[in-house]
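Protein chains: 2
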Amino acid sequence: MQSTPDLYAYVCGEVLPLKNAFLHVSDLAIQRGYGIFDYFKVQHGQPVFLSDYLSRFRKSAELMALPVPLSDLELQAVIRELIQRNGLELSGMKMILTGGYSANGYDIATPNLLLLQQPLALPSVDAQEQGIRVITHEFMREIPQAKTINYTMGIRLNRQLQEQGAADVLYHQQGVVSEFPRSNLLIVKQDGTVCTPADNVLLGITRKNVLALARKKYPVAEGVVTLEDVYQAKEVFMTSTTKRVLPIVQVDDQVIGTGRPGDVARGLLNELIALEAKEAAAV
Amino acid sequence: MQSTPDLYAYVCGEVLPLKNAFLHVSDLAIQRGYGIFDYFKVQHGQPVFLSDYLSRFRKSAELMALPVPLSDLELQAVIRELIQRNGLELSGMKMILTGGYSANGYDIATPNLLLLQQPLALPSVDAQEQGIRVITHEFMREIPQAKTINYTMGIRLNRQLQEQGAADVLYHQQGVVSEFPRSNLLIVKQDGTVCTPADNVLLGITRKNVLALARKKYPVAEGVVTLEDVYQAKEVFMTSTTKRVLPIVQVDDQVIGTGRPGDVARGLLNELIALEAKEAAAV
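Protein chains in written order, with our numbering: chain A, 1 to 283; chain B, 1 to 283.
If you're looking for bench data, these hints aren't it; they were derived computationally from the structure.
From a predicted model like this one, the values you see are computed outputs, not experimental measurements.
Among the hints, a few may not be true.
One copy or any two copies: either way a pair holds, since identical chains are not told apart in the list.
Simulated crosslink set (SDA-like; lysine to any residue; CA at most 20 Å straight-line) [said to hold, decoys possible]:
#1 K217 <-> D191
#2 K208 <-> F139
#3 K19 <-> T110
#4 K208 <-> V220
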């Protein structure tokens, strides 16, 4: 993030060069890892599905007792200013809200709001065409409905991913799967139903859009998905803002379906790309 | 923390005024709540039980794959410099190690090390003499053996504590208790045994010292402690660096023993204070 010194960021009321974007060490994110965030794409100068992201940002803030210092209109004005100043073709905008400068390092103070825009790296063509391999780990995020900044477990598992040559890790509890650290899970059962875990997951905006697209063509079920369901699925894929629809061809030692990305994932990816383009053009 | 502008802090290799102690927003603590810390007392210019705290700091760092940039000798030199510059009578020193300035906001970079010294507030005489009331909550920290900066759950429960007039919250899983967000739990059973949870807890330095003091006088057991054990105990108390030995006289709706702090807790507190004084004098 420090290698892009020409970008601007918003820090606690001010737009300034990203290289000058600092928080005092008394901030509750540094002291206690306390904060929430959200992250949306900006394509050709237009935020994509912004109202969904703003509303989830407010929901996370509420779940963590953090008042958002700006109205939606004020947030949108800051977002527009950063987009204009930074002039990036394809980017991600991160909004972070921390517990603020805490006098005793534990109690919530006036939250600090950051907006950071960065060039965006989409999954490689290779990952998209070959699919990725994931492993599984028994874990559930503390407050699954909130997009907190706490990625302790996900980041700690990075070493294991590298050692095992896996691209990501799927969380489960006693065999009931939930989500990836930064993505949702969808599967296509042998009978063609598109299924996704209903509970203990972050309600992804891409998940929502992909489910809506899937409903036009396939039976769709939100409910309990087990590891066994995943292993036996015809197709498995993840959805996220940056990954869009990314096929998964192996979970632990189990090859999924034919071991190649499937038609459902491919079709949904293309429709999502079209939907995003339409949304970006419509703003 | 910002109200003490004359203090000095150590930030990534530099000793500077605390008011100028900032981290860039790309730090993994801000981006992903990723970091560890430790915290020890300084009495009359002497760190108390420093080697225990340094070794736990290194253990937490190792569990989170964060290399500590300084040797123990170098850390001790920084600690001495801060103690000398800040000249506080009674204080706490916090060492924080974050995931560093991450280029992609997710992968661990070169860790950032902070040392922050602050005046210390011990429990009020009232809390010590009357004992405190606590509630319980089903939760377990993600990596109990590591002192990570993640206090999402503890801080989020603050509002509930205030509403219920409780001073702290005891974590349990299906009735098996573990710890408080920042303290360990000890109980005295009706038969006089001093018991404390053995697993899924942070191994407190004060816990260790108090258990050693208790072993001289009482049978001591580290093992499984249930909520029922706590409710039925003769005495309940918490131990921590700042709390030392703090009596608990009510857990949820259950009054403990006579509803007054007990002799075992009082005796151990006095012996701990003496041990700390001896340790501070011996350095």
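Results for each hint:
1. For the homomeric pair K217 and D191, the shortest alpha-carbon distance inside one copy (13 Å) is at most 20 Å, but the shortest distance between copies (68 Å) is not.
2. Taking identical chains as interchangeable, the C-alpha atoms of K208 and F139 are never at most 20 Å apart, the minima being 23 Å within one chain and 29 Å between chains.
3. In this homomeric assembly, K19 and T110 come within 20 Å of each other (Cα to Cα) only across copies, at 17 Å, whereas the closest approach inside a single copy is 24 Å.
4. Within a single copy, K208 and V220 get their C-alpha atoms as close as 12 Å, which meets the 20 Å cut-off; across copies the closest is 54 Å, which misses it.
In summary, the structure is inconsistent with hint 2 from the numbered list given earlier, while agreeing with all the others.
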